[in-house]
Amino acid sequence: MTTTAVAGTATGRKPATMAQALTRAMRDAMAADPAVHVLGEDVGQLGGVFRITQGLAEEFGEDRCTDTPLAEAGILGTAVGMAMYGLRPVVEMQFDAFGYPAFEQLVSHVSRMRNRTRGATPMPLTIRVPYGGGIGGVEHHGDSSEAYYMATPGLHVLTPGTVADAYGLLRAAIASDDPVVFMEPKRLYWSKAGWDPERPEEVPGIGRAVVRRQGTTATLVTYGPSVPVCMEAAEAAREEGWDLEVVDLRSLVPFDEATVVESVRRTGRAVVVHESPGFAGPGGEIAARIGERCFHYLEAPVLRVAGLDIPYPPPMLEKHHLPGVDRVLDAVSRLQWEAEWTEGG
Amino acid sequence: MTTTAVAGTATGRKPATMAQALTRAMRDAMAADPAVHVLGEDVGQLGGVFRITQGLAEEFGEDRCTDTPLAEAGILGTAVGMAMYGLRPVVEMQFDAFGYPAFEQLVSHVSRMRNRTRGATPMPLTIRVPYGGGIGGVEHHGDSSEAYYMATPGLHVLTPGTVADAYGLLRAAIASDDPVVFMEPKRLYWSKAGWDPERPEEVPGIGRAVVRRQGTTATLVTYGPSVPVCMEAAEAAREEGWDLEVVDLRSLVPFDEATVVESVRRTGRAVVVHESPGFAGPGGEIAARIGERCFHYLEAPVLRVAGLDIPYPPPMLEKHHLPGVDRVLDAVSRLQWEAEWTEGG
Amino acid sequence: MTVLEQPGRAYHPAPPPAWKPRTEAAPLLPDPEPYRVLGTSAAEKADAGLLRELYGALVTGRRYNEQATTLTKQGRLAVYPSTTGQEACQVAAARALRPQDWLFPSYRDTLAAVARGLDPVQALTLLRGDWHTGYDPAEHRIAPLCTPLATQLPHAVGLARAAMLKGDDVVALAMVGDGGTSEGDFHEALNFAAVWRTPVVFLVQNNGFAISVPLAKQTAAPSLAHKAVGYGMPGRLIDGNDALAAYEVLTEAVERARGGGGPTLVEAVTYRMDAHTNADDATRYRTDSEVEPWRAHDPIALLEAELTGRGLLEEADAAAARAAAEELAAGMRERLHADAELDPMDLFAHVYAEPTQQLREQESMLRAELAAELEDGDGEGEETR
Amino acid sequence: MTVLEQPGRAYHPAPPPAWKPRTEAAPLLPDPEPYRVLGTSAAEKADAGLLRELYGALVTGRRYNEQATTLTKQGRLAVYPSTTGQEACQVAAARALRPQDWLFPSYRDTLAAVARGLDPVQALTLLRGDWHTGYDPAEHRIAPLCTPLATQLPHAVGLARAAMLKGDDVVALAMVGDGGTSEGDFHEALNFAAVWRTPVVFLVQNNGFAISVPLAKQTAAPSLAHKAVGYGMPGRLIDGNDALAAYEVLTEAVERARGGGGPTLVEAVTYRMDAHTNADDATRYRTDSEVEPWRAHDPIALLEAELTGRGLLEEADAAAARAAAEELAAGMRERLHADAELDPMDLFAHVYAEPTQQLREQESMLRAELAAELEDGDGEGEETR
Ligand SMILES: Cc1ncc(C[n+]2csc(CCOP(=O)(O)OP(=O)(O)O)c2C)c(N)n1
Ligand SMILES: Cc1ncc(C[n+]2csc(CCOP(=O)(O)OP(=O)(O)O)c2C)c(N)n1
Ligand SMILES: [Mg+2]
Ligand SMILES: [Mg+2]
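Chains as they are written, first to last, in our numbering: chain A, 7 to 351; chain B, 7 to 351; chain C, 222 to 606; chain D, 222 to 606.
Derived from the structure by calculation, the hints contain no laboratory data.
Be careful, since some hints might not be right.
Stated by the list, open to error - Distance condition first, Cα-Cα at most 25 Å in a straight line; then the derived SDA-like pairs of lysine to any residue: (1) B:K325 x C:E582; (2) C:K387 x C:G482; (3) C:K387 x A:R70; (4) B:K325 x C:E584; (5) D:K241 x C:D495; (6) D:K266 x D:L533; (7) D:K241 x C:T508.
As the list claims (entries may be wrong) - Listed next, the stretches of chain D that the computed footprint assigns to chain C, with coverage defined by at least 3 CB atoms under 8 Å from CB atoms of chain C: (8) 249-259; (9) 394-406; (10) 411-419; (11) 441-451.
Yeah, the Cβ is synthetic: ideal placement off N, Cα and C, and Gly gets one too.
So here's chain A without its partners, still in its complex pose (with noise of 0.2 Å):
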């Protein structure tokens, strides 16, 4: 992927990365408001195990970034009580699968209280999972859970693909009335791309995919840590004579449905990536809406390029499980360029 370092330092004035910028978006938000507190495991003296709530319990006080006790129910439930009485917690789940604990309070709680009691008791809570793998994490730190969050109706789910996104969409979500999984792609923490640290302002806003690269011939449909994979191959792909678009959904919830119809609709191909297992995944949904939507202009079947429909595997073998360049086009070189075609099996 094309990526320009930023001339930014590693200080908290300065964030040249994914994590110094979530960091940040978290500092301004509660500079900006005294309601926004932020939960969780080791996020107060540690700074979190990935470092991104770094500096905030010595900035704001421990009563505004807490170490909570390790139970993740709790965590989560807490600070649905928080919600109630006014405040806007920002919760940390450690990595991804630990946050199925706390599940129930989320599908039962977080996403109903607001529909619960007619809009009487709205929960500005943002809840941010690390995600995904491509970080060495042995078994439990490497899962894409967004599938569970997408299904569940009353939460947002949004996910940068780049640094300065990383910060806009957390300010926004954290400044969301609904609650927000904000998912992180952990691989990307490091990642470091042309933000200017200095005007942090510009929010994308909630539900607002972006064309990240413009293309004519096909439209490859990501998120997240897959957003740098579909660059590069977009990238590669010019040598095959393919003029690849990307359009990174960046807000899984609400789904922004004109901009992927409408790059569709003018390329005529669509090839969904994403990391997370394939079977019954957000990419069932994108492909499923892309058929329907744009079933008139599409020259060959919308394809998925996923996970495999396995758990997520050792460190060793994680290389095969995630969705490379490779597979990405493969699966461009399989949209019928040709007159002719057979259906497989």
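Based on the hints, put chains B, C and D with the ligands in the right spot on chain A.
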């Protein structure tokens, strides 16, 4: 729907309702294999809140059909341990939404134990989940949670749409060496149909869809509580001159792609029908797969008729949420039967 | 290098360096017997006005339970979990709180909400089936009735902590059943509360059953109140049918919480006289002989005996209490026999602050369906076909 | 009809009918101070052979920790959570069990598995990163190392119950950290175990920290062992660096469990000398002065002092212990420096007994990819591009 009430009585010997078929399935499984143990809240003396375990504690003793303390993670977690020691636990989750506290055990252990141990520790567990609405239940008593389970590699997900399948699939689930989430459409519990309790041994096996009704002009793909709805819709559609095929999936995982693809390639049109919310629901996977594998056979986009993208509504409003015959017929009517078509914005 | 390699090094068996108990256990332990006041000399110190007030609330509470049960039989409520026999807990929980405090009821505790002043029709909205919550929680400082057991307990802790951090004088009282104490959320909530010293009172109504499952299959603890010591908070064991004991102990716990003393766990021993709900058949798991002794230990009878024994209750007072109860019941009948007014569009209005595009499309669909039904003249009462 | 309407009815303040404590609380409470044996006269009763055996296991354990840490620095393990300082707990847990018993280790407890006889390479498979579990649990009666905290505890209860129902003489010993006690699964597992009287021993290694979070932010309880009383099981508080105390109390608890006495909760007070894992920087949350006092309370030093003080350890014995430890370390080095042999097709082989059609398709895809890579001659060590 055309149903033939069976000449069975309401006794244990001759079950006639789906509830009774399920009880019979567990009873027969317990009689056949001493490793089969039932556990859950109120499953003992009470026989479960839906009376599905009625008589089992009496016949097999409380050690084989056990009232547990009130803690779903504990129930499923202990069942995991029992399975590690060679038992075949059948766990009852009292209602769909009360399965959520057990989500971590399900995703992190039940679904992964075999894989984790390279096959050394299989999980022959059945998790019975009464699901879906239409019975006037209050909040948390009408969820359709199958999307979560489908998105979890390592689990099988079965759901009967008929009384006969209830028996056969539950026997197959209990016999399976892999964990099965067995989704029981609670509003069909009291349905009666042409099942001969004298010949209950016909087990369709796991992973096989069935064509419930043959037709030529379009395929309805459905499962569980929506099977009778689709059968009724197919009957009603005859008046409009449509001859609809109805595919009952029975098994959501493994997914019987062959049966679905064969049908849709033949009819050229498909509507996927389920009660779970549409967005990122089971229909996404199904429609995407049809779109991919039947692309050149399709005369119209694959449509989905599903529950609304909302938390399950209160009893007095649930009729507006549930996909009924009219919505199915409406979708069928939108399958671009005219030569001219316009595509919605 | 091991010690062995250091010749001459003395061996000082020191205690593990960091060990000290974080708090003394003994003061946290509950009484060995449930605490009672009524019928003892301690009751004589109680304010007569308070006793009469509690009595009136109990009588109204009993009538409320009866009326709700009748309405359910008449099909006006979808389901009703009765608190007949548990009125003392319900009333005491409500009365122990000040206006600024919050109540976190479980699905069974509609009476506590009503005793706190909530309109019964609002309290019963969930059980009637027209919406999930019938009131604005913040307005009444009553959290939504909570069906997933014990999940409301961390909410109470979080809310109390938020108030504490803001410097507000607010206590949260959270109710849970004996069955609910087995859930992980119970454990996590109590632990958070104790570690953070949040102003929360946990009230366990031990009514003997979780649907059909008796307490002996739920716990092997000496009492549920004994769980408190494992969190470092005091446990109190009380006779939950003794309205005065319940009121006293809960009030004390609320006081303690506001004074910065942290949370308290109160187990109120009571009994569920009715079936689990109208849909349940209690004869499947308990005999009438088990229920019988509890009839003699009825919360109303206990308080009434105290009052009459001490000449504090005139027939006129009792009549007034009954009249107030009847008035409440009449209002329930009148208003719950009327059909609920429902707007199907509410289904979409509150999923998010702003509906998604998908929801807007579904809203249009339903609007069109309703319009078509109206045209066909069969809009009302039409079932999903 | 109320009592008031029954003139003349006597008022008998009876206790709540069903009340009796299910068990006496006092015998369940832990000692106020962690139980110690080494350095006291009680230690003199201990079998010298046992002490030497424990000593050897501790020395090997320490060496194992050092070697694993070194291998991690060398990139041969993906991550290593050390038990340096906790060897007495690890060793005692393993030694307290009989061959037919089961060990349920947490992610940190590879040493306990090794002390039970598991090949270190198998024990370290998870942490090396070639597969999730490196052994057949049933063969060794060691459950997979469990990463999601406290989730292994209900497994232990279920397994022990299954064995009990089958009439097998099997005890399960489950290990968890101080942090893990805050999880709901801890609560649910202990409650199930107590209600069902399953033969389980719960060993909490309280090593002072959950990553960076100190015990004081984890609990306000007098001790973690005090949690036992809330489940109706005995709680034992022990010095986790005293190998003999740990061995004695765990053995006793195992005995009790097999005798039908039900579960026990043991809190072993110890200290995590190293950082949480190699990836952690402990200086961010603790000073060296906090760690210092624990160096004097080292489990090996304690036992060594006992042995040498009583003349039970010759230099030859110590040398033999060191030699055995070095042998283990050498084996680890040799075998873990070799590259793991991996079959990518394993990714599909064990998801289900029978792969689904989708998995078979994905298997073909990967097989084709690998074949193509091999053809391109760049198969090995190729990163996902
Ligand atoms: C998490 C969860 N699991 C199961 C249920 C189903 N359920 C409703 S009430 C009940 C029994 C509750 O018993 P208890 O906590 O003692 O309260 P009580 O009904 O006696 O007031 C059960 C199992 C539920 N509501 N929530
Ligand atoms: C359910 C869950 N939540 C979070 C984590 C991440 N995590 C790994 S170890 C750890 C701390 C564990 O502390 P403790 O239980 O005291 O065990 P120790 O590490 O001290 O052995 C945490 C939070 C996890 N593994 N599982
Ligand atoms: Mg109860
Ligand atoms: Mg620890």
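The hints, checked one at a time:
1. With a CA separation close to 18 Å, the supplied pair K325 (chain B) and E582 (chain C) stays within the 25 Å bound.
2. In summary, the hint linking K387 (chain C) to G482 (chain C) is supported, as the alpha carbons are separated by about 17 Å, within the 25 Å threshold.
3. As the CA atoms of K387 (chain C) and R70 (chain A) are separated by approximately 11 Å, the hinted pair is consistent with the 25 Å bound.
4. Restraint check: the Cα-Cα separation between K325 (chain B) and E584 (chain C) comes to about 14 Å, which is no more than 25 Å; the hinted pair holds.
5. Taken as a hint, the K241 (chain D) and D495 (chain C) pair is honoured in the structure, with Cα atoms around 22 Å apart against an allowance of 25 Å.
6. A threshold of 25 Å between alpha carbons decides the hint, and for K266 (chain D) with L533 (chain D) the separation of about 13 Å falls inside it, so the pair holds.
7. Using a Cα cut-off of 25 Å, the hinted pair K241 (chain D) and T508 (chain C) holds, with the two alpha carbons roughly 19 Å apart.
8. Restraint check on the region 249-259 of chain D versus chain C: 7 residues with Cβ-Cβ distances below 8 Å, three needed, restraint holds.
9. With a cut-off of 8 Å between beta carbons, the region 394-406 of chain D has 4 residues touching chain C; three or more are needed, and the interface restraint holds.
10. Residue count for the region 411-419 of chain D with a Cβ under 8 Å from a Cβ of chain C: 4. That meets the three needed, and the coverage hint holds.
11. A stretch counts as covered by a chain when three or more of its residues have a beta carbon under 8 Å from one of that chain; for the region 441-451 of chain D and chain C the count is 9, and the coverage holds.
In terms of the numbered hints stated before, the structure departs from none.
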